[in-house]
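Number of protein chains: 4
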Amino acid sequence: MNIEQNQIEKHNDSLLTAHQRRFAFLQEEWEHVDLESVIQKLVDFQIAIPSWALGTGGTRFGRFAIAGGEPRNIEEKIEDVGLLHALNGSSGAISLHIPWDIPQNAEELRQLASGYGLKFDAMNSNTFQDQAGSAHSYKFGSLQNVNKDVRKQAIEHNIEVIKHGIALGSDALTVWLADGSCFPGQLNFRRAFENTLESLQEIYSALPEDWKMFVEYKAFEPNFYSTTVGDWGQSLLYASKLGKKAYTLVDLGHHLPNANIEQIVALLLMEGKLGGFHFNDSKYGDDDLTAGSIKPYQLFLIFNDLVEGMDAKGMNHARDLGWMIDASHNVKDPLEDLLQSVEAIMIAYAQALLVDRKALSEAQQNNDVAKAQEILQNTFRSDLRALVAEARLRAGAALLPIGLYRYLNVRNTLVNQRGKTSATGL
Amino acid sequence: MNIEQNQIEKHNDSLLTAHQRRFAFLQEEWEHVDLESVIQKLVDFQIAIPSWALGTGGTRFGRFAIAGGEPRNIEEKIEDVGLLHALNGSSGAISLHIPWDIPQNAEELRQLASGYGLKFDAMNSNTFQDQAGSAHSYKFGSLQNVNKDVRKQAIEHNIEVIKHGIALGSDALTVWLADGSCFPGQLNFRRAFENTLESLQEIYSALPEDWKMFVEYKAFEPNFYSTTVGDWGQSLLYASKLGKKAYTLVDLGHHLPNANIEQIVALLLMEGKLGGFHFNDSKYGDDDLTAGSIKPYQLFLIFNDLVEGMDAKGMNHARDLGWMIDASHNVKDPLEDLLQSVEAIMIAYAQALLVDRKALSEAQQNNDVAKAQEILQNTFRSDLRALVAEARLRAGAALLPIGLYRYLNVRNTLVNQRGKTSATGL
Amino acid sequence: MNIEQNQIEKHNDSLLTAHQRRFAFLQEEWEHVDLESVIQKLVDFQIAIPSWALGTGGTRFGRFAIAGGEPRNIEEKIEDVGLLHALNGSSGAISLHIPWDIPQNAEELRQLASGYGLKFDAMNSNTFQDQAGSAHSYKFGSLQNVNKDVRKQAIEHNIEVIKHGIALGSDALTVWLADGSCFPGQLNFRRAFENTLESLQEIYSALPEDWKMFVEYKAFEPNFYSTTVGDWGQSLLYASKLGKKAYTLVDLGHHLPNANIEQIVALLLMEGKLGGFHFNDSKYGDDDLTAGSIKPYQLFLIFNDLVEGMDAKGMNHARDLGWMIDASHNVKDPLEDLLQSVEAIMIAYAQALLVDRKALSEAQQNNDVAKAQEILQNTFRSDLRALVAEARLRAGAALLPIGLYRYLNVRNTLVNQRGKTSATGL
Amino acid sequence: MNIEQNQIEKHNDSLLTAHQRRFAFLQEEWEHVDLESVIQKLVDFQIAIPSWALGTGGTRFGRFAIAGGEPRNIEEKIEDVGLLHALNGSSGAISLHIPWDIPQNAEELRQLASGYGLKFDAMNSNTFQDQAGSAHSYKFGSLQNVNKDVRKQAIEHNIEVIKHGIALGSDALTVWLADGSCFPGQLNFRRAFENTLESLQEIYSALPEDWKMFVEYKAFEPNFYSTTVGDWGQSLLYASKLGKKAYTLVDLGHHLPNANIEQIVALLLMEGKLGGFHFNDSKYGDDDLTAGSIKPYQLFLIFNDLVEGMDAKGMNHARDLGWMIDASHNVKDPLEDLLQSVEAIMIAYAQALLVDRKALSEAQQNNDVAKAQEILQNTFRSDLRALVAEARLRAGAALLPIGLYRYLNVRNTLVNQRGKTSATGL
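Order-wise, the sequence lines are chains A, B, C and D. Residue numbering for the first sequence follows the UniProt record's numbering, starting at 1 and increasing by one per position. Residue numbering for the second sequence follows the UniProt record's numbering, starting at 1 and increasing by one per position. Residue numbering for the third sequence follows the UniProt record's numbering, starting at 1 and increasing by one per position. Residue numbering for the fourth sequence follows the UniProt record's numbering, starting at 1 and increasing by one per position.
In case anyone wonders, no lab produced these hints; they're calculated from the structure. Each statement offered as a hint is correct.
For chains that are exact copies, the list does not tell them apart, and a pair is met inside one copy or across any two.
Within a straight-line C-alpha distance of at most 30 angstroms, the following computed BS3-like cross-link-like pairs (lysine-lysine) qualify: (1) Lys241 x Lys152; (2) Lys358 x Lys152; (3) Lys152 x Lys244; (4) Lys420 x Lys148; (5) Lys139 x Lys163; (6) Lys371 x Lys41; (7) Lys241 x Lys212; (8) Lys371 x Lys148.
All chains should be built: construct the whole structure from the sequences, respecting the hints.
Here it is, written out as structure tokens:
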């Protein structure tokens with residue numbers, strides 16, 4: 001289904017008076033700031049939607065279906081992201097996963113996506129599951145495997161993913177490895193690292209000049225004793241040894257308890273090795289919850305360091321890092337959940353853009369800790385939703401995306417069109 | 001020093017126009033809500049200041065002094081809390097600690113406190129340190145001690161604290177025990193529990209009819225293997241066995257990583273055994289940071305469950321639980337830090353008061369998880385600072401407490417009056 | 001397949017000389033102790049094998065098959081446990097799971113099990129997954145559900161499980177609930193507790209007089225914000241309100257990071273409310289690894305408190321608590337993994353039995369912490385494998401269970417008999 | 001006091017028969033192994049004692065004295081380490097801390113230490129506390145400080161420490177920084193890193209050619225939001241940028257919950273950047289408990305990777321890394337506690353030396369996870385205390401160090417000689 005521009009406008013009209021009052025209030029509150037440039041940054045900022053997050057997620061204990069209407073193929077996944085992008089104007093990219101989304105006709109897909117205003121973001125390979133008919137099993141790892149044939153199969157799969165990406169106009173490969181071990185003694189850590197590095201080097205050498213490779217790290221799960229790319233330090237080691245096209249990718253849920261993620265982000269930026277993000281939120285592990293649903297202040301602090309660090313390097317917020325969501329939707333409609341994630345990210349970004357950098361820098365220089373806290377809390381406590389909504393309005397999207405989604409009964413329409421379907425994914 | 005009413009009014013006048021604009025905006029946004037009753041609840045809500053938090057804190061690695069001006073005695077501590085209360089109108093109580101605050105003349109202290117509009121909140125005993133001249137050491141615990149004489153000394157100390165409290169008009173005793181063990185085998189857990197219970201029973205029997213006993217729990221530190229009142233389950237066991245005057249006290253920093261504190265709070269309320277709070281914030285352990293400085297959403301969620309649960313029981317928000325701060329101030333001016341803590345707590349309380357309970361209950365009844373999240377985030381993302389400021393204004397306090405504190409150079413005045421002093425505490 | 005007694009004896013014969021040397025050494029080392037009574041306790045101690053752990057486990061990211069030979073039905077599961085019990089003499093019970101193991105003919109199953117020397121341990125219900133054809137979904141919980149019809153369905157399922165258990169000669173029901181929530185606001189914690197309690201009460205009332213109900217708790221997963229029976233404190237609340245047949249069940253992997261499980265165990269024993277265990281090990285969450293593979297000293301410390309506490313109450317080690325394994329086998333042969341778990345548990349139990357209780361009690365009474373540590377480490381550092389092996393020898397089992405398992409090529413035989421099968425389970 | 005050789009011999013004589021029986025048993029058990037070479041490695045292995053760990057430790061809540069007899073000066077600290085070394089033959093080095101141990105006459109100290117068979121291990125600087133009379137405060141950090149003058153003072157202090165070390169014959173500087181922040185916004189992470197790096201570079205340039213600089217990391221405490229050398233990844237970044245004399249130092253207690261320390265160790269070794277260790281144990285944070293008292297299996301696993309990794313690089317176990325204890329003694333006699341730590345470390349090292357490397361490597365190559373676990377558990381479960389004791393015996397030390405310590409009433413003697421003293425330290 002498509003959401004028509006006039007449907008959006010009509011819904012917006014009903015909300016416009018209240019919105020204008022709120023936006024006018026914000027303009028007055030922030031009159032000393034160039035709000036127009038902030039709004040333009042919000043308009044430009046796009047967060048890629050992962051193709052595997054368009055269906056219901058689950059755990060090892062099972063998966064509970066929603067009403068249905070989940071996309072049955074890559075075309076319908078693009079359609080779903082098109083719906084999101086029509087609603088919020090901030091979801092202008094899709095991140096594909098091979099083999100769940102093997103494109104049959106890349107050119108047609110590019111045109112389809114383009115019609116929705118979508119680009120193809122980073123491609124994702126999968127060497128954490130065995131595929132029917134594959135010669136070797138990844139039970140004991142892929143790029144780390146003690147068996148050279150298994151490594152070779154995994155390398156070739158990644159190279160194939162790059163080729164799909166080239167055809168689609170993507171320019172990045174995200175390598176997330178489940179490789180690791182479940183028990184002490186299972187692995188020789190050094191050899192596992194060396195095997196993984198050697199494998200990554202082969203994949204890296206197949207990367208086009210203008211591509212990036214994102215080396216994702218994760219503390220634990222599905223291996224429960226060690227992970228071979230287990231933290232940012234290990235990812236940075238790989239990325240440094242690989243070369244200038246290799247970067248670290250930060251998934252917010254892939255850390256040990258209490259980790260200071262914003263510091264990691266700031267240091268990776270400093271090193272020129274931050275590649276991008278998988279946004280989500282979590283309380284216990286890689287819970288893959290809606291971004292900003294558990295620790296919204298942490299999300300803001302991450303963006304605070306991102307904005308400061310990117311500006312210090314003269315980077316383009318929208319283009320120079322990869323912004324992706326990676327979440328599961330076990331108890332919500334996946335599309336509603338994604339709308340909530342994007343909204344939370346946009347709010348955090350807006351808050352970070354409004355931080356008084358000069359005053360903060362002065363407070364830091366004076367070790368005025370209470371003042372520094374006041375400055376950060378001042379923007380965090382400000383209600384910037386009308387600013388984000390204004391950016392949507394200007395982009396031709398909905399003032400209230402989730403409101404319009406429900407008003408239009410999008411899920412019902414999808415169920416009617418597609419049936420009680422269940423999408424590929426976890 | 002005193003802050004004069006006209007000093008407050010003059011400062012408020014300079015901020016009044018902006019405040020009125022913001023408050024008017026809020027009134028329009030929340031026109032469907034009885035804001036006046038919300039404001040009255042905010043005016044009534046008082047958070048006790050612990051006498052030991054008026055000076056600079058430290059760690060085992062040392063303590064770094066601030067400029068000075070720290071209170072030298074109980075009278076100056078009351079003066080400091082008086083300053084805070086004059087500024088924010090929400091700090092109308094002081095929580096004393098024995099032996100750091102042994103009152104010489106209770107009647108004079110009551111009059112002094114009363115002059116500042118202050119009450120004496122829960123009394124705190126100390127059996128985690130040895131005092132000069134005491135016969136027995138608490139090295140191996142106090143109420144749990146294998147030596148009956150040590151237990152007796154600790155019991156008598158608590159009874160003495162109750163007596164001081166009676167003289168001052170307090171009506172609660174907070175018992176925080178450092179008791180526990182550092183190594184496996186050091187303690188027999190069962191006997192430690194039994195000794196502690198027996199000791200608490202003796203203290204309990206010395207409690208006046210209208211008093212409460214708060215049994216505080218803590219997961220670890222200063223003992224690093226076990227703590228004898230280590231979690232809410234243990235505290236509830238003690239409180240249940242003691243009787244109807246005994247309650248569990250929740251210090252936000254006293255949990256294992258990732259604990260769901262709001263659920264604990266809801267269940268203790270359900271059981272009629274929640275006594276009160278020690279507010280602070282933390283990232284790693286009992287970090288004793290400013291309330292709301294790390295996880296403000298968690299603070300809101302706690303108040304969300306408090307408001308819902310207290311209303312369900314017909315409890316009085318301001319009076320039926322003990323509200324206290326327990327924080328350290330290692331890198332900030334203690335008084336500024338306390339102002340920030342109180343502000344964060346008041347905001348969280350205001351947010352919780354504005355949650356649309358009926359809509360939330362319906363969303364829960366319909367398992368509409370996305371909607372429930374929207375409802376909570378809607379008030380959390382709202383900027384309610386003007387509401388809290390309005391409550392202050394009506395209470396005769398400052399619109400911008402920390403602004404006025406700095407404008408009046410309070411710390412400088414205190415340094416001039418008191419010298420380069422350092423207060424008792426940790 | 002069956003392992004014949006003479007196969008065991010023949011294998012034992014080849015190891016006997018070395019075993020006797022080791023056992024003789026132990027007898028000399030522990031000559032001041034009644035080793036015979038220790039050995040008898042080891043012989044008597046039986047650990048139930050869960051029927052769902054006989055096949056390969058997995059995570060939400062997938063499952064990697066082993067060679068096959070996994071049991072296809074309840075009869076083959078009993079056969080597998082029979083193999084384990086023949087090998088180690090300590091796995092004389094099976095814990096069934098409904099609906100994965102619905103018995104068609106209880107009497108035949110009893111005879112089959114009896115032939116292997118097996119009893120039917122606690123029955124396990126499943127309300128964390130939807131079954132084909134069931135009227136209601138557990139997506140939003142079972143016993144906690146806001147919908148009375150869902151709760152009713154879950155209650156009736158549990159009652160059906162009890163009936164199956166009665167027919168088989170079991171005498172306990174383990175209730176593990178995945179009930180909880182993924183997002184703040186999703187649940188009203190109090191109502192979720194009340195619904196769950198009411199549901200448990202209905203199940204409890206269907207319990208035969210001589211049965212126990214085990215209320216299992218878990219901190220997180222598959223719900224990632226709250227769990228409705230989330231910790232021992234909550235489980236104890238339910239068990240206390242239910243009545244004398246209700247107990248708390250401790251799964252070692254169901255805690256927050258750094259929890260002191262041995263203290264929890266000691267206090268539950270003190271309260272007369274410890275029901276039993278699900279043994280496994282973990283580093284990060286509910287990793288379900290082999291018992292003793294990550295933190296063997298913790299396993300010993302738990303048994304140390306169990307032995308002390310049970311003896312203090314005059315309880316029978318083998319009979320008065322439920323001893324079960326609950327582990328997953330993602331990278332090992334399930335039967336080998338279970339043999340390793342049982343071995344680790346038996347060693348920990350043996351170590352605990354040999355702790356010098358009198359000396360430990362004296363050291364505790366004298367606050368001689370270094371001595372207390374020496375006493376515990378003395379038995380932990382002792383190599384008691386020959387003692388456990390001797391108990392196996394006397395029970396007619398194998399000196400080296402995993403050695404014999406491999407020597408006999410048990411897995412190959414099972415693959416040949418059953419094919420490339422995959423068992424029910426997670 | 002001194003422990004005379006004949007006192008040791010006499011005590012050993014009383015234990016010799018039992019020891020010989022145990023050692024003979026081990027010889028038979030490990031007849032296929034060159035035990036003599038293992039024993040020689042144990043004899044050669046020396047663990048440095050930190051001068052600040054010879055007195056009673058404490059927490060921010062206080063310190064409880066032991067009977068006394070704590071060293072009053074650097075000479076008595078050397079005397080204490082001499083006692084330990086006489087007892088266990090494995091504590092042949094002392095690690096000094098400036099300004100707690102400023103040597104007045106280096107040559108005399110060298111002779112004194114040499115008389116006890118002691119070397120001067122890594123020197124430790126202190127920029128986490130202010131010293132009386134110093135011009136600048138480290139309240140807001142030292143090498144990271146926004147104020148160049150503060151950084152300069154800290155740099156000069158470190159250079160002074162190097163000079164003291166040169167005079168004493170040390171060849172390493174350990175830099176542990178408490179630098180970090182307590183609140184979001186307090187620091188600019190990038191600038192803090194850059195300031196710290198620049199400061200370290202200045203110190204590094206003052207390092208003699210044959211010295212090493214150990215950059216220690218710590219996750220949290222005394223700063224509770226961020227630490228500027230917060231994890232191994234950050235330490236490695238500094239060490240790599242500094243140059244070939246700079247290394248990472250691993251303190252076992254300085255990690256986030258659940259960290260896989262052995263993997264970190266293996267990777268640092270692989271990178272040629274592992275400098276050494278601070279041994280201790282912990283359950284919650286930097287608890288500074290006796291090595292091996294909480295997680296002895298983890299200690300073994302670390303040594304397992306150390307032995308494998310050092311052998312792979314042809315490194316000398318005893319000389320090529322820095323082995324130090326860093327523990328606090330809050331409830332035990334410090335000297336007894338240190339004896340227990342050294343014993344636990346020696347046992348873990350002995351276990352690691354006996355791991356069947358060839359079989360383990362084969363099991364890894366075959367992904368035989370159960371076998372790999374059996375191999376590691378086989379040495380861990382073996383009782384190797386007699387092997388460690390034999391090494392002591394051959395080194396002229398005590399078979400039972402803590403037994404002899406108590407037999408000789410060492411603490412009483414020290415109290416008599418020194419009085420109720422309290423040593424410098426934390």
